[in-house]
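Undergrad: Here is what each chain is made of, one letter per residue.
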Amino acid sequence: MPGDLLSDPPSAIVAGPALFSDALAAQGVTVTRVDWQPPAAAGDLAVLWCDEVDAANRTALDRLLAAQPVLVDVRPAIDVVPGLTRDTVLHAGPPIAWELMSGPLRGAVAGALVYEGLASTKEDAERLAASGAIRFDPCHHHQAVGPMAGVMTASMPVFVVENRAAGNRAYSTINEGLGKVLRYGAYAPEVLDRLRWFRDGLGPALGEAIRSTGGVDLRALIGQAVQMGDECHNRNRAASALLIKALAPSIAALDVPAAERARMLAFAGGNEHFFLNASMAACKAALDAAHGVPHSTLVTAMARNGTDFGIRVSGLGDRWFTGPAQTPRGLFFPGFGPEHANPDIGDSAITETAGLGGFAMAGAPAVVQFVGGTPADALRFTRLMYEITSGESAAYRLPTLDFRGTPTGIDVRLVAQTGILPQINTGMAHREAGIGQIGAGLVNPPRVCFDLALAALTEDAR
Amino acid sequence: MSLGFTVRHSTYFDSVALMRVAEQARALAGVLEVAAVMGTPANRAMLAEAGMLPPDAPPTAASDLLVVVSASTEEAVNAALARVNDLLAARRDATPEGRTVAVGSDGVAPRTLASAARGDGRANVAVIAVPGPHAALEAHQALSAGLHVFLFSDGVSLDDEIALKRRARARGLFVMGPECGTAIIRGVGLGFANRVRRGAIGVVGASGTGIQEVTTLVHRLGAGVSHAIGTGGRDLLAAVGGITTLQALERLGADDETRVVVLVSKPSSREVADRVLAAASGLGKPVVACLLGYDGVVPTGVRAAATLEEAAGVAVALARGAPVAGGLEGASLAAVAVAGNASTRGGRARARQGNQPSGAIRGLYSGGTLCDEARRLVGGTAHRFVDFGSDEYTRGRPHPIIDPSRRHAAILEAADDPEVGVLLLDLVLGDCAHPDPAGALDPVLTQAYDRGRRAGRELKVVAHVVGSDDDVQNLARQEDTLRKRGVTVCASNRVAALTARRLIEGREAAPGGREAAPGDRDAG
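Keeping their order, the protein sequence lines are chains E and S.
Going by the working numbering, the first residue of the first sequence is number 19, and it counts up by one from there.
Going by the working numbering, the first residue of the second sequence is number 2, and it counts up by one from there.
These aren't lab readings, by the way, just hints derived from the structure by calculation.
Any given hint could be a false lead.
In silico contact screen, one side only, chain S against chain E (beta carbon under 8 angstroms); selected entries [stated by the list, open to error]:
1. L48
2. R123
3. V126
4. V131
5. Q142
Each computed SDA-like pair below joins lysine to any residue, with the alpha-carbon atoms no more than 25 angstroms apart [as the list claims (entries may be wrong)]:
6. E:K263 - S:A62
7. E:K263 - S:P60
8. E:K263 - S:V17
Footprint (simulated), chain E over chain S, 3 or more residues, beta carbon under 8 angstroms [what the hints assert, rightly or not]:
9. 113–119
10. 135–141
11. 232–246
Since we're looking at a predicted model, the values are computed, not measured.
Idealized CB from N, CA, C, for every residue including glycine.
With the hints as constraints, model all of the structure from the sequences given.
TA: And the structure:
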């Protein structure tokens with residue numbers, strides 16, 4: 019509610035020469051001076067600063083901030099993921115045809131087709147994929163998200179996350195750990211064996227354990243992990259430990275052989291990204307609740323398929339605004355370098371979209387070392403993200419910023435005006451299928467995604 | 002004793018943070034104990050042991066925050082619960098009061114008004130002085146953030162102005178501007194404003210320098226200003242319909258501190274002026290209107306003033322409760338009082354110069370309304386007036402109140418012009434103005450006199466300084482600098498204009514000239 023002009027002493031914000039702020043400061047007035055620069059994007063931004071858009075953004079942001087994601091189950095994807103069929107392969111990022119898929123995505127698709135028994139060999143799988151008999155669709159079109167290649171098929175067990183504030187659900191596969199894994203395009207027998215164990219052993223057991231806890235409150239868990247040095251995208255050590263801690267009693271109580279229970283705990287405990295997929299589904303559940311508010315300029319998804327980077331905007335329906343995916347800057351495992359890196363891939367930027375990942379880097383200074391940064395850089399990254407977000411999380415608070423909530427709710431208007439692009443923390447895949455992760459680092463979306471979204475929004479506003 | 006609690010579901014807080022908050026809430030009067038804990042079985046057991054677990058407390062999960070307060074009264078319980086809630090919500094790295102924050106400690110300054118407003122939280126007004134093509138965006142963004150807007154920028158389209166003002170009005174906000182030079186809110190000057198005493202006179206003005214003239218004259222006359230609200234020069238055009246002026250009148254009408262309202266307009270739509278005057282007459286407090294170019298009938302309850310000086314004088318008389326009976330008697334009394342401050346040394350300087358000036362007056366102004374008023378008072382066709390604050394001179398360069406160099410050049414040109422006998426100038430002091438306009442003018446005048454003398458002419462200079470002794474430039478010092486250079490310094494723009502006219506008409510030294518030219522009253 020705006021204040022009356024004459025009732026309170028002026029407290030000012032100045033967009034203009036220092037002359038104006040200095041004069042106010044000399045009068046003892048609290049004044050903040052904007053580091054004003056002309057808008058970075060061409061286009062009529064002013065039409066988007068209106069009551070209609072403001073109200074829509076408030077609604078969308080309220081839904082995002084109020085989300086209460088709870089991990090409630092693990093179930094076979096075919097049983098729970100809407101619109102999934104036996105011949106569907108879901109993948110990360112915006113829609114893409116088989117011919118245009120990058121190496122790691124093709125590898126993951128081939129591996130998944132063999133895993134599902136739809137093909138017998140990689141070559142067979144590639145023929146099938148190219149034949150048109152397989153339906154490819156983004157995870158995002160099915161309330162789902164997947165890291166890296168993000169491939170999800172019918173028999174894979176998936177985390178079921180329920181947003182108890184809005185009642186919607188989101189899904190993601192179980193994280194396979196590092197090394198040779200399907201999400202990086204690896205399709206070796208050991209990769210498929212692990213997936214079969216997920217399907218037959220780990221998945222059903224986790225589901226039962228989770229159900230017996232009555233659900234794991236991910237909002238509270240992430241809030242705690244953020245205060246333990248995680249940003250829940252590229253660093254999930256604390257969150258993974260907290261999730262295992264929450265589930266361990268129930269797993270221990272399962273009616274399965276002790277060796278199997280030990281294997282489950284050892285697998286989960288040995289995978290420092292065990293929580294990542296749950297984090298992503300939590301973010302997806304929150305953002306889906308904020309999607310579809312007419313006129314809202316809030317970004318509700320950022321995702322990459324290894325070829326294109328795409329964003330979706332709450333008020334612009336199911337459209338994607340895409341541009342070429344960039345290659346991350348960062349550190350490489352021994353034997354690998356930038357020349358091996360695939361362009362940016364994965365739905366995991368859903369965490370940044372929800373105010374985690376690169377946006378929460380101030381709380382996870384360890385991550386900034388991927389680009390040779392210092393803790394001060396980590397603070398700066400997060401501070402910058404406040405410039406392009408319209409809210410602050412009430413649940414995820416940063417100790418290093420005196421428990422300020424993480425910057426949440428990317429506003430296309432602010433990105434367009436400032437030219438500041440969302441900061442994403444990410445893993446890097448080898449550009450050839452089958453090799454896997456080769457490093458991790460930082461990346462931004464291509465600006466054109468936001469330019470296209472801005473054009474659509476201004477058209478919508480006229 | 003009373004026990005109360007709240008439960009906040011699914012929100013993690015670090016226990017140290019919770020202990021700190023509890024300690025702060027414990028300091029409230031009547032509060033005996035405050036517990037803020039996550040709702041784990043162990044924490045509940047601890048509360049139970051301490052007699053702090055209310056019997057009606059619902060089951061809680063480890064992820065639920067449980068706050069329990071024990072206090073002497075129910076009010077104290079509620080106050081402590083509210084305090085805990087506030088403390089948990091508070092941003093502790095917010096800007097401390099009274100500090101200018103241009104850049105955060107880590108070097109990231111807010112890049113947009115939206116971000117700055119969110120970061121500050123207390124801000125209530127945006128001062129916008131960005132290039133015209135971008136100003137509407139900034140102003141709309143400020144309105145979105147719930148801020149009043151002081152829009153200094155020019156070059157904003159009329160359509161944008163209308164849209165901004167309508168939107169602001171609907172949200173209970175003011176858009177002062179575009180091209181708003183001056184406002185004073187609760188004693189705080191925005192833009193070009195002078196340090197004037199606080200008092201009972203409220204001002205609404207379409208003209209920045211008009212507001213400055215009225216407020217500084219009120220100050221000189223010993224009275225003070227409650228608030229001055231600028232509207233921007235086009236507010237009274239038919240298309241805009243006086244939105245901001247009407248809002249400002251209504252607000253000042255409701256303001257307890259304001260006992261008299263002065264309305265300073267620019268040329269306006271007749272229909273809008275009528276509407277504004279009708280609103281003014283219904284305010285329930287006296288309104289003095291200085292409406293340039295208005296020839297309609299002024300309604301009861303509104304006193305028309307022909308000049309800014311008269312408006313200030315009448316307002317001061319009304320605020321003091323002095324009789325302002327019939328006609329402009331009170332105003333002219335006030336005018337004399339103002340004129341009494343006019344230069345005496347300037348008079349001596351003129352007397353020394355001897356020769357009567359001839360030719361025309363060249364009025365070189367930095368204030369548009371002052372320029373218009375002087376032009377009107379001087380009359381005739383031989384004289385030329387230039388407003389260096391108008392668009393054609395300020396496009397792409399600072400306002401002459403900030404940077405007088407353009408006018409300085411014009412002064413030297415005028416000195417070379419055989420037609421010119423008297424230079425008529427305004428100097429505007431105050432916040433955001435040049436730090437020493439008289440000092441900057443001084444060498445230019447020396448040169449101007451020289452050039453005139455070499456051409457065998459005696460150039461005369463008449464000036465009025467808009468300002469107060471509390472302005473950083475200091476009115477007395479500025480006037481003194483001018484007098485030392487032989488300038489006739491007048492205490493108001495009206496007096497300056499009339500003094501220039503008398504000089505040209507050659508009646509300066511005439512004993513009977515006093516009445517018509519009060520600026521010369523104490524000369525010699």
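Undergrad: Next, verify each hint and record whether it holds.
TA: Now the hints, each set against the structure:
| no. | hint | in the structure |
| --- | --- | --- |
| 1 | L48 | 19 angstroms, violated |
| 2 | R123 | 5 angstroms, holds |
| 3 | V126 | 5 angstroms, holds |
| 4 | V131 | 5 angstroms, holds |
| 5 | Q142 | 5 angstroms, holds |
| 6 | E:K263 - S:A62 | 15 angstroms, holds |
| 7 | E:K263 - S:P60 | 22 angstroms, holds |
| 8 | E:K263 - S:V17 | 22 angstroms, holds |
| 9 | 113–119 | holds (count 7) |
| 10 | 135–141 | holds (count 5) |
| 11 | 232–246 | violated (count 0) |
Of the numbered hints stated above, those contradicted by the structure are hints 1, 11, listed in ascending order.
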